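Since the structure of chain E is already known, use the hints to place chain L on it.
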Amino acid sequence: MPFIPHTESDIRAMLATIGAPDIDALFEEIPAELRAPGLPGVPPALSEMEVGRLMSGLAARDGRPLNFIGAGAYEHHVPSAVWAIVTRGEFYSAYTPYQAEASQGTLQLLYEYQTMMASLTGMDISNASLYDGASGLAEACLMAVRANRRSKSQRILVPAAVNPTYRDVARVIAGNQNLAFEPVPFDPKGGQTVVAALEPFAGQDITAVVVQQPNFFGTLEDVDAITDWAHANGALVVAVVNPTSLALLKPPGEWGARGADVACGDGQPLGVPLSSGGPYFGFMATKSEHVRQMPGRIIGRTVDIDGKPGFALTLQAREQHIRRGKATSNICTNQGLLVTAATIYLSLLGPDGLAQVAATCMQRTQQLIDALTRVPGVRLAFDKPRFHEAVLLLDRPVAGVLAALAARGIVGGHDISARYPSLGHALLVCATETRTTGDIEQYAGALAEVMRGPAVAA
Amino acid sequence: MSNVPADLRYLKSHEWARLESDGTVTIGISDHAQQALGDLVFVETPEPGRRVEAGEACAVVESVKAASDIYSPVTGEIIASNADLGGQPELINGDPYGAGWIMRVRLDDKAQFAAMLDAKAYEAALAAETH
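Those protein sequences? They're chains E and L, same order as listed.
The numbers in the first sequence follow our numbering, run straight up by one, and end at 458.
The numbers in the second sequence follow our numbering, run straight up by one, and end at 131.
Hints are not guaranteed to be accurate.
As the list claims (entries may be wrong) - Heads up, simulated DSSO-like pairs for lysine-lysine below, C-alpha to C-alpha not over 27 Å straight-line:
1) E:Lys250 with E:Lys308
2) E:Lys326 with L:Lys12
3) E:Lys250 with E:Lys189
4) L:Lys12 with E:Lys308
5) L:Lys65 with E:Lys326
As the list claims (entries may be wrong) - The calculated label-pair distances, taken between Cβ atoms and stated as ranges, are:
6) L:Ala83 with E:Gly424: 16 to 26 Å
7) L:Gly87 with E:Ile18: 17 to 27 Å
8) L:Lys120 with E:Gly203: 28 to 38 Å
9) E:Ile18 with L:Lys110: 54 to 64 Å
10) E:Gly105 with L:Ile79: 47 to 57 Å
11) L:Asp118 with E:Ile18: 44 to 54 Å
12) E:Gly234 with L:Ile79: 20 to 30 Å
13) L:Glu90 with E:Pro40: 51 to 61 Å
14) L:Lys120 with E:Ile322: 27 to 37 Å
15) E:Gly105 with L:Ala115: 28 to 38 Å
16) E:Gly203 with L:Ala127: 54 to 64 Å
17) L:Gly86 with E:Asn330: 20 to 30 Å
18) L:Ile79 with E:Pro40: 38 to 48 Å
19) E:Leu26 with L:Asp118: 40 to 50 Å
Stated by the list, open to error - Some residues of chain L that are not near chain E, with every Cβ distance over 12 Å (derived):
20) Leu19
21) Ser21
22) Ala36
23) Val61
24) Glu62
25) Asp69
26) Glu77
27) Gly98
28) Ala121
29) Ala127
30) Thr130
If you are wondering where the hints come from, they were derived from the structure by calculation, not from laboratory data.
For clarity, every value in this text was computed on a predicted model and none was experimentally measured.
Beta carbons: idealized from backbone N, C-alpha and C, even for Gly.
So here's chain L without its partners, still in its complex pose:
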């Protein structure tokens, strides 16, 4: 059973987002996603300064058996990328909600964050996926 922290929001495509106190959003992939991918060997993070639309592919995680695009759940500007992932992609496997964060976005419209799935809805989506 994978870990789905109650204080985060999610997408069905397995991204998580956390609203920070400064109003920015930190984004990563869920514990379920890292388990499904297996050992990550490479993460391509977006250039800070780039504008992204909600639903736009802006990062790539690659394991020995698959590569997946990461979609931004919100529209805004990338203000930071996790540089540590360059040398240690396994941070995502070890701590997907902490040291394994991927990028931070200054969102244009907070309603987009509020419209994401809450933990309960994401758990339900996971359950539906496995059945």
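Here chain E stands alone, though its shape is the one from the complex:
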């Protein structure tokens, strides 16, 4: 379905029809003092050729380093077919067309995406996506406040082992709506959130407990115990999960005796390239009993008057265009194109393919840990099982080591020392299926060389 904006003559004809002299006349009722005089700081427009030149130059500065950073965005192999199909005209629109009578293909795709995500998370219903994983957590916390009608406190327990960026974004988005995010420390030996750390909150009015699996350190949490503790204390459970890992790990819908209540996360690992930080997409799924509190678009399957199957937006009374200020969220769109990529990625890999990707990531990461911890001055921070990331502790400041590695064409990981000062010189590393044994040896060799030298501040 093409979305072609109106031409100059269309605009003139429309203005003539309603008797307006020009477009500005349509905005006359907005007082002059409320109008923005232009956009300060925005440079003049460039031609396509100039933009191409500029962006290629900026991209070239990134180089093509060997990457060992995860920390929320993961470098996976994306089969060529994924983006060849996504960029077909039928999908490649500037806007997600929701008109059921004209958009059955797109709506069917979104419906199939929802079905796959519900199956992957073990939940009843998925929405058609959100902006990204971090804002997805904020939305999930707001949703938990609406869904947990027995709780009045709006207090959400958020482990320190949850991705710090996600915690920041949730605080910025939801903090102004009087949600109180209360930290839960991690066990310094295992890098896990232990139930004993939740116990000080037992018997209090807690609205929800957030659990990230695997957590920011890559460590696997005891999600069953945390889920059961939360439910026993009248709190809902918000699961933040890595979709790739769900091919191997127990899905949130099966955590503990009753399962998590909301599952969310970043969908980037499913067919979306790193692309200098975005765009990515967020996903969210829940149990049937909470569906009316879920934000975002939901596509449903129905039948037309002839009994033939068809697809349409459903449960729209949750949304802003109907409920106005009382809508579940001001989100009334989704990341259609990236969801298209994820749906094609999941279709091409299938459940077994995704499980193979996940298992290979785990193997590579173990290989990486073995290789790097043989280097003098490097040790593993936590002794609990993990997925595809791990925290290494160095005998010197991480920044200087990373700079020296970068000079050797290696992006050695994410420095988490500033966010977690109690750990000391802490480096978060990741190896996905895209890192070969040769890549890992190259990293270990370079690290050994750097660590033989004197410590450098940065």
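Showing chain L alone in chain E's frame:
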């Protein structure tokens, strides 16, 4: 023309209330309101035990085209919610003043009930709304 029983009290926002013999108040939405909303698909009822203030939103009725908050006409404690609406929201369309009741409140001050519109005043309000 919608049905406005003479023995009930009303709000302009289309809630009705009935004073029961035990002094509690049963609350629902009027026949006019259910007609305006169309086929109801979901009703969210309040948790018994909850305190409500007069004018506070405490239930939601949702049709295929709209969702509306239901306001408590009185201050008090919710003592019961109509559990049948969970599976059969259409009870409100079929019998808004009977099987389609939404909640029951033990009110703090009976004067609040007396201050609601009587049937005649509500009919006048409906007439004013349509003209």
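Going through the hints against the structure:
1. E:Lys250 with E:Lys308: 36 Å, violated
2. E:Lys326 with L:Lys12: 20 Å, holds
3. E:Lys250 with E:Lys189: Within the cut-off at roughly 24 Å; holds.
4. L:Lys12 with E:Lys308: 43 Å, violated
5. L:Lys65 with E:Lys326: 15 Å, holds
6. L:Ala83 with E:Gly424: 16 to 26 Å: 57 Å, violated
7. L:Gly87 with E:Ile18: 17 to 27 Å: For L:Gly87 and E:Ile18 the Cβ distance comes to about 50 Å; the hint is violated.
8. L:Lys120 with E:Gly203: 28 to 38 Å: Violated: the Cβ-Cβ distance is about 53 Å, outside 28 to 38 Å.
9. E:Ile18 with L:Lys110: 54 to 64 Å: 56 Å, holds
10. E:Gly105 with L:Ile79: 47 to 57 Å: Roughly 52 Å apart at Cβ, these two residues keep to the hinted range, so it holds.
11. L:Asp118 with E:Ile18: 44 to 54 Å: Taking Cβ atoms as reference, L:Asp118 and E:Ile18 lie about 47 Å apart, which means the hint holds.
12. E:Gly234 with L:Ile79: 20 to 30 Å: 22 Å, holds
13. L:Glu90 with E:Pro40: 51 to 61 Å: 56 Å, holds
14. L:Lys120 with E:Ile322: 27 to 37 Å: Roughly 33 Å apart at Cβ, these two residues keep to the hinted range, so it holds.
15. E:Gly105 with L:Ala115: 28 to 38 Å: Violated - the Cβ-Cβ distance for E:Gly105 and L:Ala115, about 57 Å, lies outside 28 to 38 Å.
16. E:Gly203 with L:Ala127: 54 to 64 Å: For E:Gly203 and L:Ala127 the Cβ distance comes to about 55 Å; the hint holds.
17. L:Gly86 with E:Asn330: 20 to 30 Å: 29 Å, holds
18. L:Ile79 with E:Pro40: 38 to 48 Å: Taking Cβ atoms as reference, L:Ile79 and E:Pro40 lie about 59 Å apart, which means the hint is violated.
19. E:Leu26 with L:Asp118: 40 to 50 Å: Once the Cβ atoms are compared, 47 Å apart, the range 40 to 50 Å for L:Asp118 and E:Leu26 holds.
20. Leu19: Since the minimum Cβ distance to chain E is about 27 Å, L:Leu19 lies beyond 12 Å and the statement holds.
21. Ser21: L:Ser21 clear of chain E: closest Cβ-Cβ about 30 Å, beyond 12 Å.
22. Ala36: 15 Å, holds
23. Val61: 10 Å, violated
24. Glu62: 4 Å, violated
25. Asp69: 7 Å, violated
26. Glu77: 15 Å, holds
27. Gly98: Given a closest Cβ separation of 25 Å, the condition holds.
28. Ala121: 28 Å, holds
29. Ala127: Answer for L:Ala127: holds, closest chain E Cβ roughly 27 Å.
30. Thr130: Check passes; 23 Å lies beyond 12 Å.
This entry does not satisfy hints 1, 4, 6, 7, 8, 15, 18, 23, 24, 25, going by the numbered hints stated previously.
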